[in-house]
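Student: Listed in order, the protein sequences are those of chains A and B. According to the numbering used here, the stretch in the first sequence is residues 1 to 522, in order. According to the numbering used here, the stretch in the second sequence is residues 1 to 429, in order.
Treat the hints as calculated values from the structure; they're not laboratory data. Do not take every clue at face value.
[Stated by the list, open to error] For lysine to aspartate or glutamate, the following EDC-like pairs were computed, each having C-alpha atoms within a straight-line distance of at most 16 Å: (1) A:270 with B:237; (2) B:412 with A:81; (3) B:39 with B:103; (4) B:132 with B:233; (5) B:426 with A:81; (6) A:274 with B:239; (7) A:274 with B:237; (8) B:205 with A:277; (9) A:456 with B:220; (10) A:456 with B:260; (11) A:519 with A:180; (12) A:345 with B:237; (13) A:27 with B:405; (14) B:412 with A:80; (15) B:408 with A:80; (16) B:418 with A:81; (17) A:31 with B:406; (18) A:345 with B:260; (19) B:418 with A:80; (20) A:345 with B:239; (21) B:418 with A:193; (22) B:84 with B:69; (23) A:270 with B:233; (24) B:426 with A:193; (25) A:137 with B:427; (26) A:31 with B:405; (27) B:408 with B:300; (28) A:274 with B:233; (29) A:519 with B:220; (30) B:426 with A:78; (31) A:327 with A:359; (32) A:327 with A:255; (33) B:340 with B:328.
[Unchecked claim] If you want the footprint, here are the derived chain B segments under chain A, 3+ residues with CB under 8 Å: (34) 171-183; (35) 212-224; (36) 234-245; (37) 252-258; (38) 416-424.
Predicted model only: the values in this text are computed from it and were never measured. Glycine residues also receive a C-beta, built at the ideal position from the N, C-alpha and C atoms.
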Amino acid sequence: MKRIIILGMVFYWVFSLFGSESFALYKLFDKRLQLIMRADEYFVWRVARNARQGLEYSQALTVWRHRFQAEGTLTLFEQEDTLINFYTWINFYYEAQPSFNEKINHAMDADQRHNKYQLPFFRKDDILQECYVDYNKGPWTFRVGKQSVVWGDMTLERTTDVVNPLDLRYSTPGIDEFDELKIALYMLRGIYETSLPGNIVIEGIFNPGDYQRTRTGIQGTDRGAPPVPNEALGDMGLIAALDTFKDRVPRFALDNASGGVRVRGQLRPKIFNKYYEFLVSLQYYNALDNPIVTDFEMRSEWIGRFMAGRANGKINELPSGTFYEAKRYEMVGLGIQTEEPNLIKSVLVFEAAYFWGLDFNTTHKLAPGDTSFETTGRTEIDFFTYGLSIRRPTNQMFLKNIDHTARGIADISLTLYQGWYLTNKISEIKKPGDFSYDNKSETALTCSYMTDFISKQLTFVTNFLYNTRNWGYYTLSLTYAPTTAWKVTVGTLQGYANTPMDSGTASGHADDRVFMKIKYEF
Amino acid sequence: MYMRNQLLEVKRFLRTILLGVLPLLFLATLSLGEEMRIKVPSYEGAELAKVREWEKTWVGKKIDKTNVDQVKDLLLEPHVRIIKDPMYMNAKEYWFVIVPYQEAPYSKGQMEMTQKYAPAKFNEDRLVDYGKIAGFPFPEPKSGIEVAYNYDAQTRGDARWWYSIGSVVDPKTGFTRAAEMYRMAMYWTGRCFTPPYPVLPNNPKGFRRTYFQRMKVPEDLNGMGNLDVKYTDANTEDERWTYMPNFRRITRTSQTQRGDNLGSGERINDDIDGGWGDKVERNTYKLLGRRELLVGRHSDPKQLTWPGKNSCVWNGIQRERVKTFEVEVTYKKKGYTYSKQIWYVDPEIWIINSKMCWDEDGRLWRVHDEQWYPNKTVTGEVAFTESASMHWDVFGRNGDLTKTDETKDVGKVFPASKFSINALQKESY
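Just chain A, with the same shape it has in the complex (with noise of 0.2 Å):
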């Protein structure tokens, strides 16, 4: 496997390097069918922060991705104000690095090491990344398929663009593209301009019942927890084990139907004697909420069953069901987008949002100042969250000193987040992400800066979180794009936490990472 593997790369780059020049838009049955082809190859390095991390983790390279995308745009039916197209995005992918890492490899068995890691099998329908017929006449748009939306205009989080879970696998997020991380859903979206005053977009959503749950990292592998070392049963971790069994949620179904609905329009108002545009958003949104919680019945028989079964290395005697829950909830937000070009001369962006009914397991520590803890329960919790980002290019002669071509200019962005949990009990609740145990309240901030040199064949970003229980991380890269064709980034993703229970989200406890992405355009 390995020889195929190293030989079919050498091929590929081989004759990607000297084969023919890009073509980038291919235009076909005069020009009914537009394709888009690329691949790319995608390298993380991993380096431990400790001892013990490097004999947890696997070292070095630890993910290697080979992936092929294709877009494909078939247009079905033109005329006058009537358009039909049908929408195809292709996306394969082989991780490679269980072939090469033994780590990792015996850290799944092989049915999770295929379908659900190396392979776009998860869901026997991960090759589709979207796919959609898109039907337009006059006002009206409707978009019958697999489908990704997006509400929300913030950059590094994510307020209020809820729709679409994230697939945290093997991308990072500001390396892949954004439209890459997302799972696309089987929705129905319809979209009417009105003419009224203030170009109001109405817009409605209904998912008739494709729940997917974010995925995140598997034991063992990059992204996820690590290994267990000499695991019985089929060299499966018992967090692995979970993963299995959390991954049981029923796929269709209408109980897990969700919708919204979001009403877009501008407003001009005279603000000492100037004009301002604002692009103002607000949104209903109705889902099953993703993290899910447990059943605590269930588990008990389920654990019991699984140590029983772990005694007896018949581990594949698992119980049918699940003890992992996902609740409904109910979201409203709000958007607002505009320039000030007179005072501050930058761009506003302030978006907030309203969670009704988030469902959490309550819990118990151990003991005081212990970061473990048992579940107790569940409880239902209301959450305020907001964002307000200035994004502003500005000149920097130093950078211009550097190179001519560069016009000096950097875009910088800088974003406050706050949260709230809006409960009196907050010790008592597990919450996910971004919250340290005993926190109400988080605030975070992001800053991000752009600038390119040689005619902007070179780019160079860097983002920055800081989270006030002094958690974050900072990213940095620099991506050479010479030709439409060839595209390689290189960087480096550093994390930082205060507390182990931060580390989750912050990457800060054992994650150093360099990576690498070449990307070539057919």
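Since the structure of chain A is provided, determine the placement of chain B on it from the hints.
Tutor: Below, chain B alone, put in the same frame as chain A:
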């Protein structure tokens, strides 16, 4: 006696007429002879005859390094230099063809509107209000700003759709980055080609011009859309909204980016729309005089050839003699991208044929060569629209090329929804 007195009175009256009124009439007749002309061709009379005589020698001739010295006075210096040394732009050769000078027609609307409104009066802010007038406000410009306002008044058919292909080329390495996009533009005020003119009804926000662009190539920008809105009110800032397909988001683009490079090419955001896309009032203008140049304004894009996919010139441009207005342009605020520009403005079409730009250190930096081509509008008028262009960095040795692959719907009144923010997301995948 009485009769004699009466005769004397008549004589006095007649003398008064002869000495007073007739000279006034004479002066009045003279002043009628100086009536403003609606359109002044580049050449006429003896000058035109002289040009025709010159054309007998040169029309149809290919100008390359072997004979460029004979017409070098009719070219900007960087063109002469690159024709002699085409490898500077990574081309084996750089040549063009001379075609006869053809007077460019005005549309019926341009004639009518210019007749009706010219010469325009500057108001307190020295602004020309396109919400109230149309046509060329200064058919016989006496100053740089009057030339600039005439350029600003050219609506190029009022509206059009066109598909552009192009490349950004690094001649030093031969690396090429391709770009393709379709574009739509429509003027809402100052219209002169398709009724209703001069203004479109239902324009509550006071749009002057709206522009929509959708990228097709390169693939990572495929689907990216830009919407530019220019307002008739000179005190209202222009707007740009951008749809990024890889984020699926619409974002506002800061006005402070106007001085930044447009994509990876050799233009800044202000250079779009035929040479200058921002408000006329941003600059000061100094009319340097007239400069005869060989420019492409009847240059058929289908006749252009690309000497190599790593080169940064078009060969086969059809150039004709035109006596351009040479205007020195300086941005009013300090710290701007260009310390100085010189525009060469066509005296009949009022487009920028060429321009040269100096950097902040006073070095000649960029040379833009814009070619134009007459297209039929939906009402049968003739409108000059983009044919091709070359934008060179003659200091850092870079460049980009564009060519119009298709132009249609010139003069069409597009639905307003084509220029809405929602249109950015529509038909984007």
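Student: All hints are to be evaluated individually against the structure, with a verdict given for each.
Tutor: Comparing the hints with the structure gives:
Note on residue 270 of chain A and residue 237 of chain B: the hinted pairing holds, with a Cα-Cα distance of about 13 Å set against a maximum of 16 Å. Pair hint residue 412 of chain B plus residue 81 of chain A holds up; C-alpha atoms about 15 Å apart against a cutoff of 16 Å. This hinted pair checks out: residue 39 of chain B and residue 103 of chain B have alpha carbons roughly 11 Å apart, not beyond 16 Å. Between residue 132 of chain B and residue 233 of chain B the CA atoms are separated by roughly 11 Å; this keeps the pair inside 16 Å, and the hint holds.
For the given pair, residue 426 of chain B sits about 13 Å from residue 81 of chain A by alpha-carbon distance, which is consistent with the 16 Å threshold. Proximity of residue 274 of chain A to residue 239 of chain B is assessed by CA-CA distance (about 14 Å); at most 16 Å being required, the pair is judged to hold. Proximity of residue 274 of chain A to residue 237 of chain B is assessed by CA-CA distance (about 9 Å); at most 16 Å being required, the pair is judged to hold. Distance hint between residue 205 of chain B and residue 277 of chain A is fulfilled; the C-alpha atoms sit about 11 Å from each other, no more than 16 Å.
For the given pair, residue 456 of chain A sits about 14 Å from residue 220 of chain B by alpha-carbon distance, which is consistent with the 16 Å threshold. A threshold of 16 Å between alpha carbons decides the hint, and for residue 456 of chain A with residue 260 of chain B the separation of about 11 Å falls inside it, so the pair holds. Our distance criterion of 16 Å between C-alpha atoms is met by residue 519 of chain A and residue 180 of chain A, whose separation comes to about 14 Å. Simply put, residue 345 of chain A and residue 237 of chain B have alpha-carbon atoms about 12 Å apart, close enough for the 16 Å limit, and the pair holds.
For the proposed pair residue 27 of chain A and residue 405 of chain B, the alpha carbon gap of about 14 Å is at most 16 Å, so the pair holds. Between the alpha carbons of residue 412 of chain B and residue 80 of chain A the distance comes to roughly 14 Å, so the proposed pair stays at or under 16 Å and holds. Simply put, residue 408 of chain B and residue 80 of chain A have alpha-carbon atoms about 15 Å apart, close enough for the 16 Å limit, and the pair holds. With a C-alpha separation of about 11 Å, the suggested pair residue 418 of chain B and residue 81 of chain A falls inside the 16 Å cut-off, and the hint holds.
Distance restraint check for residue 31 of chain A and residue 406 of chain B: the Cα-Cα separation of roughly 14 Å lies within the 16 Å cut-off, and the hinted pair is therefore satisfied. At most 16 Å may separate the alpha-carbon atoms for a hinted pair to count; residue 345 of chain A and residue 260 of chain B meet this at roughly 15 Å. Distance restraint check for residue 418 of chain B and residue 80 of chain A: the Cα-Cα separation of roughly 13 Å lies within the 16 Å cut-off, and the hinted pair is therefore satisfied. Of the supplied pair hints, the one linking residue 345 of chain A and residue 239 of chain B holds, its CA atoms being roughly 13 Å apart against a limit of 16 Å.
With a C-alpha separation of about 11 Å, the suggested pairing of residue 418 of chain B with residue 193 of chain A holds against the 16 Å cut-off. Our distance criterion of 16 Å between C-alpha atoms is met by residue 84 of chain B and residue 69 of chain B, whose separation comes to about 9 Å. Proximity of residue 270 of chain A to residue 233 of chain B is assessed by CA-CA distance (about 13 Å); at most 16 Å being required, the pair is judged to hold. With a CA separation close to 11 Å, the supplied pair residue 426 of chain B and residue 193 of chain A stays within the 16 Å bound.
At most 16 Å may separate the alpha-carbon atoms for a hinted pair to count; residue 137 of chain A and residue 427 of chain B meet this at roughly 11 Å. Straight-line distance between C-alpha atoms of residue 31 of chain A and residue 405 of chain B comes to about 14 Å, which keeps the hinted pair within the 16 Å bound. Using a Cα cut-off of 16 Å, the hinted pair residue 408 of chain B and residue 300 of chain B holds, with the two alpha carbons roughly 15 Å apart. Only pairs whose Cα atoms come within 16 Å are accepted, and residue 274 of chain A paired with residue 233 of chain B is accepted, the gap being roughly 11 Å.
Taken as a hint, the residue 519 of chain A and residue 220 of chain B pair is honoured in the structure, with Cα atoms around 10 Å apart against an allowance of 16 Å. Only pairs whose Cα atoms come within 16 Å are accepted, and residue 426 of chain B paired with residue 78 of chain A is accepted, the gap being roughly 15 Å. Restraint check for residue 327 of chain A and residue 359 of chain A: the C-alpha separation of about 6 Å stays at or below 16 Å, so the hint holds. With a C-alpha separation of about 10 Å, the suggested pair residue 327 of chain A and residue 255 of chain A falls inside the 16 Å cut-off, and the hint holds.
With a CA separation close to 7 Å, the supplied pair residue 340 of chain B and residue 328 of chain B stays within the 16 Å bound. As drawn, the region 171-183 of chain B meets chain A at 6 residues by the rule of a beta-carbon pair under 8 Å; at three or more, the given contact holds. Counting residues of the region 212-224 of chain B whose CB falls under 8 Å from any CB of chain A gives 6; the rule of at least 3 is met. Restraint check on the region 234-245 of chain B versus chain A: 6 residues with Cβ-Cβ distances below 8 Å, three needed, restraint holds.
Only residues whose C-beta sits within less than 8 Å of a C-beta in chain A count toward coverage, and the region 252-258 of chain B has 6 of them, enough to reach three; the restraint holds. Under the rule that three or more residues need a Cβ within less than 8 Å of chain A, the assignment of the region 416-424 of chain B holds, with 4 such residues.
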